[in-house]
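Protein sequences, first through last, are from chains R and C.
Heads up, the first sequence is in numbering that gives the first Met the number 0, so the first residue is 0 and it goes up one at a time.
Heads up, the second sequence is in numbering that gives the first Met the number 0, so the first residue is 0 and it goes up one at a time.
I should point out that these hints are in silico values taken from the structure, not numbers from a laboratory.
Every value quoted in this text rests on a predicted model; they were computed, and no experiment measured them.
Warning: the hint list may mix true and false statements.
Some, not all, of what chain C presents toward chain R, calculated at C-beta under 8 Å [claimed, not checked]: (1) 13; (2) 14; (3) 15; (4) 16; (5) 494.
Derived lysine-lysine pairs resembling BS3-like cross-links, with alpha carbons at most 25 Å apart [what the hints assert, rightly or not]: (6) 393(C) <-> 362(C); (7) 343(C) <-> 396(C); (8) 243(R) <-> 215(C); (9) 215(C) <-> 190(C); (10) 613(C) <-> 525(C); (11) 240(R) <-> 190(C); (12) 243(R) <-> 44(C); (13) 613(C) <-> 568(C); (14) 91(C) <-> 329(R); (15) 600(C) <-> 240(R); (16) 201(R) <-> 393(C); (17) 205(R) <-> 91(C).
Note that CB positions come from ideal geometry on N, CA and C, so glycine has one too.
So the chains spell out like this:
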Amino acid sequence: MFERRLYYHIDWAMVMAILALCALGVVMINSTTADPTRATSRMYITQLYAIVLGLGAMVFTLTLDYRTFTDKSHLIYAGLLMLLVYVMFFGMVQMGARRWIPLRAFNLQPSEFAKVGVALVLAKFFGENRGSPSWVDLAVGGVLTAIPLGLIAKEPDLGTAVTLVPVFLAVAYLAGMRLRILGVLLLCSVLAAPIAWKFALKDYQKSRVTTFLDPSQDAKGAGYQQIQARITVGSGGLTGKGFKQGTQGQLRFLPVAHNDFIFSVLAEEQGFAGVLVALGLYLFVILRALEAARLAKDRLGSYLVLGVLASFTFQVVYNITMSAGLAPVKGLTLPLMSYGGSSMIATLAGFGLVLNVRMRRFTN
Amino acid sequence: MSVSLPIEDRRRLTVRLSVLQYTIIVLFSVLVVAFWVLQVVQHAKYEEMAENNHQRTLALRAPRGIVFDRNLHALVENRQSYSISIVREHTKDLNRTVRLLAAVLGVDEAGVRLIVDRHRREPTYRPITIIQDATLAQVAAIRARRLDFELPDVVVEEVPTRQYPETMGAHLFGYVGEVNDAQVSDEGGLKSGDIVGQSGIEKTYNAKLMGEDGAKRVVVNSVGREIRTLEEDQPTEGQRLQLTVDYDVQRAIEEGFDRLGFNGAAVVLDPSNGDVLGFTSRPAYDPNAFAAGIDRATWASLTSDEDLPLQDRAIQGRYSPGSTFKMAVATAALMEGVITPDFKVHCVGGATFYGRPFKCWKKGGHGTVDLRHAIEQSCNVYFYTIGNMTGIDKIHKWATLLGLGEKSGIDLPSEVQGLVPSPEWKQQYRREKWYAGETVSVAIGQGSVSVTPVSMAVYAATLANGGTRVTPHLLKAVDDGNGWKPVPRPGAKSQAALDPDKLQAIRDGLFLVVNGAGTGHNAQIKGYDVSGKTGTAQVISNQGKEKAGKTEKDLRDNGWFVFFAPRDKPEIAGVVFLEHGVHGSNAALIAHHLMDTFFAKKEGRPLPGKPEFKPNLVP
Numbered sequence: 000m001f002e003r004r005l006y007y008h009i010d011w012a013m014v015m016a017i018l019a020l021c022a023l024g025v026v027m028i029n030s031t032t033a034d035p036t037r038a039t040s041r042m043y044i045t046q047l048y049a050i051v052l053g054l055g056a057m058v059f060t061l062t063l064d065y066r067t068f069t070d071k072s073h074l075i076y077a078g079l080l081m082l083l084v085y086v087m088f089f090g091m092v093q094m095g096a097r098r099w100i101p102l103r104a105f106n107l108q109p110s111e112f113a114k115v116g117v118a119l120v121l122a123k124f125f126g127e128n129r130g131s132p133s134w135v136d137l138a139v140g141g142v143l144t145a146i147p148l149g150l151i152a153k154e155p156d157l158g159t160a161v162t163l164v165p166v167f168l169a170v171a172y173l174a175g176m177r178l179r180i181l182g183v184l185l186l187c188s189v190l191a192a193p194i195a196w197k198f199a200l201k202d203y204q205k206s207r208v209t210t211f212l213d214p215s216q217d218a219k220g221a222g223y224q225q226i227q228a229r230i231t232v233g234s235g236g237l238t239g240k241g242f243k244q245g246t247q248g249q250l251r252f253l254p255v256a257h258n259d260f261i262f263s264v265l266a267e268e269q270g271f272a273g274v275l276v277a278l279g280l281y282l283f284v285i286l287r288a289l290e291a292a293r294l295a296k297d298r299l300g301s302y303l304v305l306g307v308l309a310s311f312t313f314q315v316v317y318n319i320t321m322s323a324g325l326a327p328v329k330g331l332t333l334p335l336m337s338y339g340g341s342s343m344i345a346t347l348a349g350f351g352l353v354l355n356v357r358m359r360r361f362t363n
Numbered sequence: 000m001s002v003s004l005p006i007e008d009r010r011r012l013t014v015r016l017s018v019l020q021y022t023i024i025v026l027f028s029v030l031v032v033a034f035w036v037l038q039v040v041q042h043a044k045y046e047e048m049a050e051n052n053h054q055r056t057l058a059l060r061a062p063r064g065i066v067f068d069r070n071l072h073a074l075v076e077n078r079q080s081y082s083i084s085i086v087r088e089h090t091k092d093l094n095r096t097v098r099l100l101a102a103v104l105g106v107d108e109a110g111v112r113l114i115v116d117r118h119r120r121e122p123t124y125r126p127i128t129i130i131q132d133a134t135l136a137q138v139a140a141i142r143a144r145r146l147d148f149e150l151p152d153v154v155v156e157e158v159p160t161r162q163y164p165e166t167m168g169a170h171l172f173g174y175v176g177e178v179n180d181a182q183v184s185d186e187g188g189l190k191s192g193d194i195v196g197q198s199g200i201e202k203t204y205n206a207k208l209m210g211e212d213g214a215k216r217v218v219v220n221s222v223g224r225e226i227r228t229l230e231e232d233q234p235t236e237g238q239r240l241q242l243t244v245d246y247d248v249q250r251a252i253e254e255g256f257d258r259l260g261f262n263g264a265a266v267v268l269d270p271s272n273g274d275v276l277g278f279t280s281r282p283a284y285d286p287n288a289f290a291a292g293i294d295r296a297t298w299a300s301l302t303s304d305e306d307l308p309l310q311d312r313a314i315q316g317r318y319s320p321g322s323t324f325k326m327a328v329a330t331a332a333l334m335e336g337v338i339t340p341d342f343k344v345h346c347v348g349g350a351t352f353y354g355r356p357f358k359c360w361k362k363g364g365h366g367t368v369d370l371r372h373a374i375e376q377s378c379n380v381y382f383y384t385i386g387n388m389t390g391i392d393k394i395h396k397w398a399t400l401l402g403l404g405e406k407s408g409i410d411l412p413s414e415v416q417g418l419v420p421s422p423e424w425k426q427q428y429r430r431e432k433w434y435a436g437e438t439v440s441v442a443i444g445q446g447s448v449s450v451t452p453v454s455m456a457v458y459a460a461t462l463a464n465g466g467t468r469v470t471p472h473l474l475k476a477v478d479d480g481n482g483w484k485p486v487p488r489p490g491a492k493s494q495a496a497l498d499p500d501k502l503q504a505i506r507d508g509l510f511l512v513v514n515g516a517g518t519g520h521n522a523q524i525k526g527y528d529v530s531g532k533t534g535t536a537q538v539i540s541n542q543g544k545e546k547a548g549k550t551e552k553d554l555r556d557n558g559w560f561v562f563f564a565p566r567d568k569p570e571i572a573g574v575v576f577l578e579h580g581v582h583g584s585n586a587a588l589i590a591h592h593l594m595d596t597f598f599a600k601k602e603g604r605p606l607p608g609k610p611e612f613k614p615n616l617v618p
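Work out the full structure, taking the sequences as your base and the hints as a guide.
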């Protein structure tokens, strides 16, 4: 199955960039959590284990032909839905949300894997059609996306749920969805916004949006994190305060610095220089993946790459914007760098598929 | 079976991927610009905000200097007290903090809210002190909560606080309190919140005692917990003061007053140089009550008390001297050559001057008496006669030279001046002519004569040392951290040319008061030749007393005792004054106890125990 010559077609540059980002993440996690008075100072070790597991998952998704996965995508999709339903009833509750399945070694977060699952099933669905997708195609794709989205949003984990939307939009767009339809969809979402505001959003979510528009109106409450994020980033300067020398992250002015705000800590301790390096690496990975989509042997491969890439890019851009205090605060992690096992494994598995598509561009 | 993409499909795919690619490049470029603006363009602003976030400057209060007696027995010290404050800078819910704090401290919530409201307009970083001098239980309760991050905006500060180990010499030491606005603007170097001396030597020597506050820059975390100290500027303790006061003499005076239960004052000097050996005013207050901020109730009770406990009677009370004034009249008559010590007057219990009868206190009269015996017996007729012969101008001159009617210049704040009347004074202040008959009253210390106890002590010292009007002073030496440096004594106020032989006649009389048939034998100490003079001054005239009838007011006479010892080479001189003390002989009881203590200490004998005497309350 794995022919030896395929080894030479692996995009090693992209692998190196991914590993560099993982390493950067581990360093920053170490910096923000190495507080001798706290018991959680071994977090970066856990992250290293997650990276190793993730690389294992990557090797797995790389070894089998991606068409094997897309062929089985309905099974994978069904399995995911079952896991999500299972979580709804038996999941572990942390910080007011039921998101995790406790396993012996770590807690599994199925919603992270839903991104890959949805990318697979959408790639398969749109890849089998020729020509521009019809209204019906779009509706079916939308439903396929909406089911896991709804389940995840119910946990509640609105941040992760929303990352499924770009997966659908990106794949549909690439499949040739008419721009007019895209416009209609955008218009609908604009019109739906006030309704959502009134009925769907919870108070804390509303306050996040209003304080984003004017953080100073609630400097002690919801606006606090946003102001602190800006202070953290801004005080980093050109070259940063140095490893473990940050005050904002170290003294916990920023909450969950090792997780949602890890990029703020990077900006604080490594400065604008560190920011440029990290942004450069992310941009490189994304452009490399787009190239893989272009080089793909078939539509299926292109769609799959873009499906995986869509949620990744969305999360990277949103998280980094939020890290600088320029977007409403939302519990959205920075893929590859933030602390979190499920996210790491799912992301690396996804990139395994991206490498897979590129690697097999010449095979039949 | 997979098929290659049709050409048109491939083209569309490539175009759409390019659109995505450029979109992403644009997004990342925007991010780079955004970070550039935040991190480079606005860096200074955010850096300052970050520092304000995590750095705090805390004041480290300097302890005030310790005050010792002349033998370096500590009289005023410091102790650590804890104050509990709210810093609103990081408060999320002030109501919750107030509620929790009140519950944890076990105090009234409304009271806490009142304090917070009063300081609401102040900057949020300035602590609002809720509890001064908190108990250890309260401190422990707060410290335990802080660990839970439950009350991150509540701070416990260690504050050095004044401590007066024994309740003695309250008016001598004075008290401390928060500086008021007038003091901040008047005196340089004081800032709001400083603790300064408000009376007594705490006030006089405030600049020496105060020391310099230090400061500590600390790093705090997001909940305000101190993580580490960046720099620390240690406070400088105030200078240590050595007073001239002798602890044992002071204690003897206090014991005497405690025993008798009268209000009054006492000032005891070393007649050779003006060192104040003991000083008290009664009723007293507890200076400790002021040390950590006095509460309203205590302050109100002190200020509304009719006995005026805050008044320092020794330097602010003006009283009629009564018979103790007679030595001033004798001095004037002798030194001006009006009489000689052998001048005799026949007393039949009264005499008439300018058509008005003047009584002697002894109904049957003293018979024929010379100066020595006139002093011993305190014969009024004798002094009416020589006072009338000497005249008011000369009496005024010599009384002033002896220290009466003048400020003593003691190093305590707000001393008042007594009054020895003169025709000029009467013309100036009452726009009236002086009547010769007034001189007769003045001759026995009545009329408009009024003196402060401290000036009476100077008077006793001047008679004791042969005419040098010493300046009473309390400060002996200062230690600014480099060892004790003596403070030069203030010079004498004046030097009276007293003929030693004539003065000796007065001293003989004073010796007889205590050791002969006089009224001062309560002060007698065998072998020490105590000399002194009692004085019993009416607070109201006999007619007035009758008119007043039954009244709640204390109308008993004031009692004086001025003294020095030993007669020929005095080492101690002073005055004891008892408000409504009925008779000067009661004051002599206290004088006896303090002199007994003084001499016992000097000679290394065991000090006398607590006095057991009782006052004579029969007028």
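Cross-check of the supplied hints:
For residue 13(C), the shortest C-beta to C-beta distance to chain R is roughly 6 Å, which falls under 8 Å, so the interface hint holds. Because the beta carbon of residue 14(C) sits about 10 Å from the nearest beta carbon in chain R, more than 8 Å, this interface hint is broken. Given hint, residue 15(C) at the interface with chain R, holds; its Cβ is 6 Å from that chain's nearest Cβ, closer than 8 Å. Because the closest C-beta pair between residue 16(C) and chain R is about 5 Å apart, less than 8 Å, the hint holds.
With its C-beta approaching chain R no nearer than about 72 Å, residue 494(C) sits outside the 8 Å limit, and its interface hint is violated. Using a Cα cut-off of 25 Å, the hinted pair residue 393(C) and residue 362(C) is violated, with the two alpha carbons roughly 30 Å apart. The hinted pair formed by residue 343(C) and residue 396(C) meets the criterion: a straight-line CA distance of about 24 Å does not exceed 25 Å. A distance of roughly 23 Å separates the Cα atoms of residue 243(R) and residue 215(C); the hinted pair therefore holds under the 25 Å criterion.
With a C-alpha separation of about 18 Å, the suggested pair residue 215(C) and residue 190(C) falls inside the 25 Å cut-off, and the hint holds. The hinted pair formed by residue 613(C) and residue 525(C) meets the criterion: a straight-line CA distance of about 20 Å does not exceed 25 Å. Our distance criterion of 25 Å between C-alpha atoms is broken by residue 240(R) and residue 190(C), whose separation comes to about 37 Å. Only pairs whose Cα atoms come within 25 Å are accepted, and residue 243(R) paired with residue 44(C) is accepted, the gap being roughly 22 Å.
Restraint check for residue 613(C) and residue 568(C): the C-alpha separation of about 30 Å exceeds 25 Å, so the hint is violated. Restraint check for residue 91(C) and residue 329(R): the C-alpha separation of about 21 Å stays at or below 25 Å, so the hint holds. Taking the CA atoms of residue 600(C) and residue 240(R), the gap is near 69 Å; set against the 25 Å cutoff, the hint is violated. Between residue 201(R) and residue 393(C) the CA atoms are separated by roughly 99 Å; this puts the pair beyond 25 Å, and the hint is violated.
Annotation: proposed proximity of residue 205(R) to residue 91(C) holds, straight-line Cα distance about 20 Å (limit 25 Å).
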